[in-house]
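> Sequence:
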Amino acid sequence: MGITIDTVATDLVSVSEWGNARISVFTSDGVFIRRFGEEGSNIGHFYAPYGIAFDKDGFLCICDYGSS
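Everything in the sequence shown is counted per the numbering used here, starting at 3 for the first residue and increasing by one.
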């Protein structure tokens with residue numbers, strides 16, 4: 003599992019969920035906002051997301067084990 007905070011724009015916390023093949027987003031107080039992704043090999047799908055980070059421009063980057 004990876005955790006990152008968008009300090010550029012929103013202060014939202016994003017969590018990569020290896021076992022659920024998705025990304026969940028929360029406020030800095032822990033309130034659930036949304037989740038996205040599902041298991042699979044199509045666009046928007048994940049196999050096992052384990053690393054997550056925002057770049058300097060605020061784009062979310064996700065490492066997904068088993069994907070290319």
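Honestly, the hints are just simulated from the structure, not real lab data. What you are looking at is a predicted structure, and each value in this text was computed from that prediction instead of being measured. Among the clues, some could well be false.
[Said to hold, decoys possible] Here are the computed distance ranges between Cβ atoms for each label pair:
(1) G68 - T12: 27 to 33 Å
(2) D13 - E41: 24 to 30 Å
(3) T29 - G68: 26 to 32 Å
(4) N22 - I45: 14 to 20 Å
(5) G68 - D31: 30 to 36 Å
(6) S30 - G68: 27 to 33 Å
(7) G46 - G21: 25 to 31 Å
(8) K58 - V27: 15 to 21 Å
(9) V33 - G4: 17 to 23 Å
(10) F34 - T9: 28 to 34 Å
(11) V10 - G68: 18 to 24 Å
(12) S30 - D59: 18 to 24 Å
Quick reminder that beta carbons are idealized off the backbone N, C-alpha and C, glycines included.
> Work down the list of hints and note, for each, if the structure agrees.
Checked hints:
1. G68 - T12: 27 to 33 Å: holds (29 Å)
2. D13 - E41: 24 to 30 Å: holds (29 Å)
3. T29 - G68: 26 to 32 Å: holds (30 Å)
4. N22 - I45: 14 to 20 Å: About 18 Å separates the Cβ atoms of N22 and I45, which means 14 to 20 Å holds.
5. G68 - D31: 30 to 36 Å: holds (33 Å)
6. S30 - G68: 27 to 33 Å: holds (31 Å)
7. G46 - G21: 25 to 31 Å: Violated, since G46 and G21 (Cβ atoms, about 18 Å apart) do not stay within the stated range.
8. K58 - V27: 15 to 21 Å: holds (20 Å)
9. V33 - G4: 17 to 23 Å: For V33 and G4 the Cβ distance comes to about 20 Å; the hint holds.
10. F34 - T9: 28 to 34 Å: violated (20 Å)
11. V10 - G68: 18 to 24 Å: This hint is violated: roughly 29 Å between Cβ atoms.
12. S30 - D59: 18 to 24 Å: holds (20 Å)
Of the hints listed earlier, those the structure fails to meet are numbers 7, 10, 11, in rising order.
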